[in-house]
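Engineer: The lines below spell out each chain.
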Amino acid sequence: SQQGEEDPQALSIQEGENATMNCSYKTSINNLQWYRQNSGRGLVHLILIRSNEREKHSGRLRVTLDTSKKSSSLLITASRAADTASYFCATDAIGDYKLSFGAGTTVTVRA
Amino acid sequence: EADIYQTPRYLVIGTGKKITLECSQTMGHDKMYWYQQDPGMELHLIHYSYGVNSTEKGDLSSESTVSRIRTEHFPLTLESARPSHTSQYLCASSGGRGGAYFGPGTRLTVL
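Protein sequence lines, in the order shown, are assigned to chains W and D. The opening position of the first sequence corresponds to residue 2 in my numbering, with each subsequent residue numbered one higher. The opening position of the second sequence corresponds to residue 8 in my numbering, with each subsequent residue numbered one higher.
Hints are supplied without guarantee of correctness; some may be wrong.
[Claimed, not checked] Residues from chain D that face chain W, not an exhaustive set, calculated with beta carbons under 7 Å:
1) 45
2) 50
3) 109
4) 110
5) 111
6) 112
[What the hints assert, rightly or not] Computed beta-carbon distance windows for the label pairs:
7) W:65 / D:103: 33 to 41 Å
8) D:47 / W:25: 17 to 25 Å
9) W:39 / D:24: 25 to 33 Å
[Unchecked claim] Distance condition first, Cα-Cα at most 16 Å in a straight line; then the derived EDC-like pairs of lysine to aspartate or glutamate:
10) W:27 / D:86
11) D:64 / W:97
12) W:27 / W:97
13) D:25 / D:79
14) W:99 / D:86
Treat the hints as calculated values from the structure; they're not laboratory data. Don't be surprised by glycine CBs; every beta carbon is placed ideally from N, CA and C.
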């Protein structure tokens, strides 16, 4: 089974609203990463948060990490139509070289 | 823009054929990965490598093999393609402590 699980599976919001999605994982990690995938394309790395960090910002993105709950959240503020995509979390597990992905959250931003 | 390439981009072949999907990166990354992804679905790790002459199977049972003779090259071979292999195959690489870079993918159809 996959290491990370995203919630919700799908999200539809109005342009300008914030979008929040969550990721839960199972084992101890070195870091957790978030990626975006536009329809049918390759994935693009958005942000990486290390296990000793609790919060990280990059532009309109805010990521939190709670290692005690084995969970992370991605917040996209002031969403735009161009943010319409699937978002995946991925975990880099301790003692392993795998990069394991969750099932993803599909975000639709309505104009 | 990261330099990771996959060829071919699209491939339609008959059952029983042997095929090799190519993946190359010019960033000198030690870690490379192959994922299988059906449209709109999660990514399944099928093989990964953490350096030359080191390869491991991923979470998804696969009838494919990989090799890592050179740092920049990580080809995936299907000895006998079947319709169940129809999917998109994504190659990625990562180095140091950053996120992964993905290629554009190979969309494979087995008739």
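Engineer: Give me the numbers of the hints this structure contradicts, sorted from smallest to largest.
Structural biologist: Hints 1, 7, 10, 13 and 14 contradicted; others consistent.
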